[in-house]
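**Student:** Here is how the chains run, residue by residue.
Protein chains: 6
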Amino acid sequence: MPDQTQPTALDLPMVDPLPQATRKYFDICQDKLGMVPNVLRAYAFDIDKLNAFTALYNDVMLADSGLSKLEREMIAVVVSSINRCWYCQVAHGAAVRQYSGDPKLGEALVMNYRVADLTPRQRAMLDFAALVTTASATVEEPDRQRLRDAGFSDRDIFDIASTAGLYAMSNRVASATGMQPNEDYHAAHR
Amino acid sequence: MPDQTQPTALDLPMVDPLPQATRKYFDICQDKLGMVPNVLRAYAFDIDKLNAFTALYNDVMLADSGLSKLEREMIAVVVSSINRCWYCQVAHGAAVRQYSGDPKLGEALVMNYRVADLTPRQRAMLDFAALVTTASATVEEPDRQRLRDAGFSDRDIFDIASTAGLYAMSNRVASATGMQPNEDYHAAHR
Amino acid sequence: MPDQTQPTALDLPMVDPLPQATRKYFDICQDKLGMVPNVLRAYAFDIDKLNAFTALYNDVMLADSGLSKLEREMIAVVVSSINRCWYCQVAHGAAVRQYSGDPKLGEALVMNYRVADLTPRQRAMLDFAALVTTASATVEEPDRQRLRDAGFSDRDIFDIASTAGLYAMSNRVASATGMQPNEDYHAAHR
Amino acid sequence: MPDQTQPTALDLPMVDPLPQATRKYFDICQDKLGMVPNVLRAYAFDIDKLNAFTALYNDVMLADSGLSKLEREMIAVVVSSINRCWYCQVAHGAAVRQYSGDPKLGEALVMNYRVADLTPRQRAMLDFAALVTTASATVEEPDRQRLRDAGFSDRDIFDIASTAGLYAMSNRVASATGMQPNEDYHAAHR
Amino acid sequence: MPDQTQPTALDLPMVDPLPQATRKYFDICQDKLGMVPNVLRAYAFDIDKLNAFTALYNDVMLADSGLSKLEREMIAVVVSSINRCWYCQVAHGAAVRQYSGDPKLGEALVMNYRVADLTPRQRAMLDFAALVTTASATVEEPDRQRLRDAGFSDRDIFDIASTAGLYAMSNRVASATGMQPNEDYHAAHR
Amino acid sequence: MPDQTQPTALDLPMVDPLPQATRKYFDICQDKLGMVPNVLRAYAFDIDKLNAFTALYNDVMLADSGLSKLEREMIAVVVSSINRCWYCQVAHGAAVRQYSGDPKLGEALVMNYRVADLTPRQRAMLDFAALVTTASATVEEPDRQRLRDAGFSDRDIFDIASTAGLYAMSNRVASATGMQPNEDYHAAHR
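Chains as they are written, first to last, in our numbering: chain A, 682 to 871; chain B, 682 to 871; chain C, 682 to 871; chain D, 682 to 871; chain E, 682 to 871; chain F, 682 to 871.
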């Protein structure tokens, strides 16, 4: 059962009672993650919005892709670090620690991804994600070609762009609404 | 039937043949808009991604909200102007012209929203959207309070944040993939 | 005869009556453009200032040059877009549409010149104009050489610099004084 | 007689021989300033351009105005400092030293105008000029009202804007063409 | 005994053998901290430089002050986060965790200090430190007065300024030389 | 004997009487420089702080190094110009004039170091110092290699970094405390 503290600075209580499908989804989160991530609780004032967000999120982060789940989480952290999003750095920093088994990697991606111990493929991917985050209007063909030269397919380029895009969105929703990360993230996978 | 030019700089052909539900959705677009927006064709290399994107898009832009559809399109244009996204300024500039019947308003929101003839409510909404776009990490309670003082509910604040967030994402996916707007947008609703 | 609305946010009425030479010049504008551009009405509180501005303007934009009039208008729009000047984007966006017969080109230069369909010569010219607009103190010999490599003479380089410079000035005078473009520009040459 | 070194990095020799009116004007400069400012020599490859520039320059900097000549030179230095224009900081820094008799004032305006010993009127004027220089698109009515509150008329506001605008232009022409200040400026009025 | 890996990307081996006083100082570090911080090993190619740095460091961070040691470490982390210094965020993030016993506080100061749970005094102190870090030339009397209003003495203001200044320096030396934090910091005080 | 005006905006009187060693040091300054630099008077409210600062300062600026004293002063001015520190631009601008015998060089480094007449070695050194000043988190191995290619040793790189770092610190302490340069600097070595 999700804890009762307010997930954001907005007074938007969850639908009560939650529909059965939502309750089931939250129970799965509780079982697998040990918590219902506050971002889900934040959207649960409107089940259509919750469902639309989770469908997009799950497609981008979990569906089949040429990018591994770790790579997608690395993009999440680098984008969220540039945008200084409290919620997403905490939650996805924990995910990087979990998937990589390397707490130092999670810390480096939060602090300055340029110092992390990265393969050339990872560095190219994160440089593109950072460029898309800070100056998307300047992206041109040579930037995409650099990814192809690092071994990425056009489909992979789409996935890098949409992962960076997802956090451009989530970072802003989280910061604009004052979203708080669940306490359990902080110590997880250290 | 959608035209055959490539919607982005990536070599990602649409699923062929399209599933029946997608074909039907594209036919509706053709009937109502006179075109299938290229953003839909760009996602149609993977029907799950297309469906996830359209579900989120339709929820944010078309579902019931304290924000009118025009107000949401105004946010779309202001965010896309700050990010200088070619696709979204063209497509949503046309939508502002359509919903408002005021071509000059669309032009002002593209060029510099501060000069547009806005109500205090609209100005507060667009100032918040602009802040979320350029410096989301600095948003704090007084910024949200300013919206409440302008007559917005907490639910409206969520909707402003998620509309601004949607274009933070779409602008980046469009610019990173070299997405081209449909030709018909340029002259529409002038 | 010029219309009577205030061209700027400043209370600076035109000299009344206008000197005969000015009246004649305004009549020519009315005949050829269908309006007296508000920038001229804005300066007409002081005929010496009006004359100094129009002489410089006409020399930069209309005198013989290795740059075509369209190319100079393209620089005008790109600079004004970077500076987000309402007056100049509207007025010179219309001029690009007129000289090029290509409304989409005008829109692209307003929104993000990097997406426009440009020749290498045009792109080099606009990249230099953009650099001069945003970071003139960093211009060094290699930047000028890049223009020579694209086929420009030293005289052309001077003309690119002074066209970019003219709008650095006009954008600021227009924005600082709250100058409003004539209504007729918006729909012209669509 | 002007010295023969090249005033810019462009190969644009002065018209030879200079027309009589230009020669006379340069002789007056030599008599009164002890030099022909290189900016005039830079434009003298085309007498129409030279005349258009000097007419505008003389109107903005020397014509009757609610702003003293020193105040206009102070704006010139602050704008040129923000833009880091070598030519204009040197030439107008010397002019501030000359008109004010206070070398330290010239140095402060070059280095950081906020530390200069300014009257509230001067500070308001320079803050507005700085705003117009760095973010002209954000200028709105309260910014102009702040000048009125500091004692400036609407005509004065126009003059502040056009002085700041003149150096927005001149700084860019000078930096883009690699213009060198005359050697004599450096030691003048110390 | 310090470990033998290179503390920076520069080939600057420590003086060998170390002078007795240095050896003793390093032994104390080893005893009290469980390591010799790499910043000390980085300076130890020149004992005078090491001594000058440690004297300044110890005075700023450890001498008597109206600022507690935790407060000085909080400034260290906020400045280092703005500058994205890998070494200093790691080392001083650990110190904040240690002094505060609150790992979440260390994480918040690294990620976005505005979200941390701060007293008004702490917030005023960190806002000033952030301003000094990003825009020191704009600091004026009202900024200092804001600190006095939050309860700080003029001596405290000096100490805030010099703590922020110390990390402006250390961040740059660390980043410019590629300084690596000791491995033990990462897991410490979680 | 030091003059009695307040060296900063803080009410922090010098220790009175000064310890004998400090008095002697100040007397030497008076003899050799004709003044006690205000930065020393500013720190003299606490002799330990004064000593720590002067020891570091003297090591960085005056100790044996592959960088000449003039080169270190050139870095001081370029960093202080980027940070627009009034005190340090005045004091170290005078030092550049003194060591170089070239007042124009001091002026160019204050105004825009790119226009100064520099050797390739000096340009590489100042470009690195400027990068460390504005974007230290982006420094990577190729930036250091560029210095090695220009003839600098790894030890020299350390010295460039620590000189740039010293002024990152001093600029901020000076600006944050409102430090005023001694009057005598302004006219010195012109």
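Treat the hints with care, since some could be wrong.
As the list claims (entries may be wrong) - Once the Cα atoms are required to be at most 30 Å apart in a straight line, the calculated DSBU-like pairs of lysine-lysine come out as:
1. Lys785/E <-> Lys785/A
2. Lys713/B <-> Lys705/C
3. Lys785/A <-> Lys750/E
4. Lys713/D <-> Lys713/F
5. Lys730/B <-> Lys713/A
6. Lys705/C <-> Lys730/D
7. Lys705/A <-> Lys730/B
8. Lys713/D <-> Lys713/C
9. Lys705/E <-> Lys785/E
10. Lys750/C <-> Lys785/D
11. Lys730/E <-> Lys713/A
12. Lys713/B <-> Lys785/A
13. Lys713/A <-> Lys705/E
14. Lys785/F <-> Lys785/D
15. Lys750/E <-> Lys750/F
16. Lys750/D <-> Lys785/F
17. Lys730/A <-> Lys730/B
18. Lys730/A <-> Lys750/B
19. Lys730/B <-> Lys750/C
20. Lys730/A <-> Lys705/B
21. Lys713/F <-> Lys785/D
22. Lys750/B <-> Lys705/C
23. Lys750/C <-> Lys713/D
24. Lys750/C <-> Lys730/C
25. Lys730/F <-> Lys705/E
26. Lys785/C <-> Lys750/D
27. Lys713/E <-> Lys730/F
28. Lys785/B <-> Lys750/A
29. Lys730/E <-> Lys750/F
30. Lys705/D <-> Lys750/D
31. Lys713/B <-> Lys730/C
32. Lys713/D <-> Lys750/D
33. Lys713/E <-> Lys730/E
34. Lys785/F <-> Lys705/E
35. Lys730/D <-> Lys713/C
36. Lys730/B <-> Lys785/B
37. Lys730/F <-> Lys750/E
38. Lys785/B <-> Lys750/C
39. Lys730/F <-> Lys730/E
40. Lys750/D <-> Lys730/D
Because the hints were derived from the structure by calculation, they are not lab data.
**Student:** All hints, please: hold or fail.
**Tutor:** The hints, checked one at a time:
1. A threshold of 30 Å between alpha carbons decides the hint, and for Lys785/E with Lys785/A the separation of about 17 Å falls inside it, so the pair holds.
2. A threshold of 30 Å between alpha carbons decides the hint, and for Lys713/B with Lys705/C the separation of about 51 Å lies outside it, so the pair is violated.
3. This hinted pair checks out: Lys785/A and Lys750/E have alpha carbons roughly 26 Å apart, not beyond 30 Å.
4. Between Lys713/D and Lys713/F the CA atoms are separated by roughly 41 Å; this puts the pair beyond 30 Å, and the hint is violated.
5. Restraint check: the Cα-Cα separation between Lys730/B and Lys713/A comes to about 25 Å, which is no more than 30 Å; the hinted pair holds.
6. Pair hint Lys705/C plus Lys730/D holds up; C-alpha atoms about 24 Å apart against a cutoff of 30 Å.
7. For a cut-off of 30 Å, the pair hint linking Lys705/A to Lys730/B stands: about 24 Å separates their Cα positions.
8. Simply put, Lys713/D and Lys713/C have alpha-carbon atoms about 44 Å apart, too far for the 30 Å limit, and the pair is violated.
9. Annotation: proposed proximity of Lys705/E to Lys785/E is violated, straight-line Cα distance about 35 Å (limit 30 Å).
10. A C-alpha spacing of about 46 Å is found between Lys750/C and Lys785/D, which places the hinted pair above 30 Å, so the restraint is violated.
11. For a cut-off of 30 Å, the pair hint linking Lys730/E to Lys713/A is broken: about 53 Å separates their Cα positions.
12. A C-alpha spacing of about 53 Å is found between Lys713/B and Lys785/A, which places the hinted pair above 30 Å, so the restraint is violated.
13. At most 30 Å may separate the alpha-carbon atoms for a hinted pair to count; Lys713/A and Lys705/E exceed this at roughly 51 Å.
14. For a cut-off of 30 Å, the pair hint linking Lys785/F to Lys785/D stands: about 17 Å separates their Cα positions.
15. The suggested pairing of Lys750/E with Lys750/F is violated, with an alpha-carbon distance near 36 Å, which exceeds 30 Å.
16. Pair hint Lys750/D plus Lys785/F holds up; C-alpha atoms about 26 Å apart against a cutoff of 30 Å.
17. With a C-alpha separation of about 17 Å, the suggested pairing of Lys730/A with Lys730/B holds against the 30 Å cut-off.
18. The hinted pair formed by Lys730/A and Lys750/B meets the criterion: a straight-line CA distance of about 17 Å does not exceed 30 Å.
19. For the suggested pair Lys730/B and Lys750/C, the alpha carbons sit about 46 Å apart, so the restraint of at most 30 Å is broken.
20. At roughly 24 Å between alpha-carbon atoms, Lys730/A and Lys705/B fall within 30 Å of each other, so this suggested pair holds.
21. Between Lys713/F and Lys785/D, the direct Cα distance comes to roughly 23 Å. Compliance with the 30 Å bound is thereby established for this hinted pair.
22. Taken as a hint, the Lys750/B and Lys705/C pair is broken in the structure, with Cα atoms around 48 Å apart against an allowance of 30 Å.
23. With a CA separation close to 39 Å, the supplied pair Lys750/C and Lys713/D exceeds the 30 Å bound.
24. Annotation: proposed proximity of Lys750/C to Lys730/C holds, straight-line Cα distance about 24 Å (limit 30 Å).
25. For the given pair, Lys730/F sits about 24 Å from Lys705/E by alpha-carbon distance, which is consistent with the 30 Å threshold.
26. Our distance criterion of 30 Å between C-alpha atoms is broken by Lys785/C and Lys750/D, whose separation comes to about 46 Å.
27. With a C-alpha separation of about 25 Å, the suggested pair Lys713/E and Lys730/F falls inside the 30 Å cut-off, and the hint holds.
28. For the given pair, Lys785/B sits about 46 Å from Lys750/A by alpha-carbon distance, which is inconsistent with the 30 Å threshold.
29. Of the supplied pair hints, the one linking Lys730/E and Lys750/F holds, its CA atoms being roughly 17 Å apart against a limit of 30 Å.
30. For the suggested pair Lys705/D and Lys750/D, the alpha carbons sit about 24 Å apart, so the restraint of at most 30 Å is met.
31. Restraint check: the Cα-Cα separation between Lys713/B and Lys730/C comes to about 53 Å, which exceeds 30 Å; the hinted pair is violated.
32. For the hint pairing Lys713/D with Lys750/D, the CA-to-CA distance comes to about 16 Å; that is within 30 Å, so the pair holds.
33. Among the hinted pairs, Lys713/E with Lys730/E is consistent with the structure: their alpha-carbon atoms are about 23 Å apart, no more than 30 Å.
34. Pair hint Lys785/F plus Lys705/E does not hold up; C-alpha atoms about 50 Å apart against a cutoff of 30 Å.
35. A C-alpha spacing of about 25 Å is found between Lys730/D and Lys713/C, which places the hinted pair at or below 30 Å, so the restraint holds.
36. Of the supplied pair hints, the one linking Lys730/B and Lys785/B is violated, its CA atoms being roughly 35 Å apart against a limit of 30 Å.
37. Pair hint Lys730/F plus Lys750/E holds up; C-alpha atoms about 17 Å apart against a cutoff of 30 Å.
38. Distance hint between Lys785/B and Lys750/C is fulfilled; the C-alpha atoms sit about 26 Å from each other, no more than 30 Å.
39. A hinted pair counts as satisfied when its Cα atoms are at most 30 Å apart, and Lys730/F with Lys730/E qualifies at roughly 17 Å.
40. Distance hint between Lys750/D and Lys730/D is fulfilled; the C-alpha atoms sit about 24 Å from each other, no more than 30 Å.
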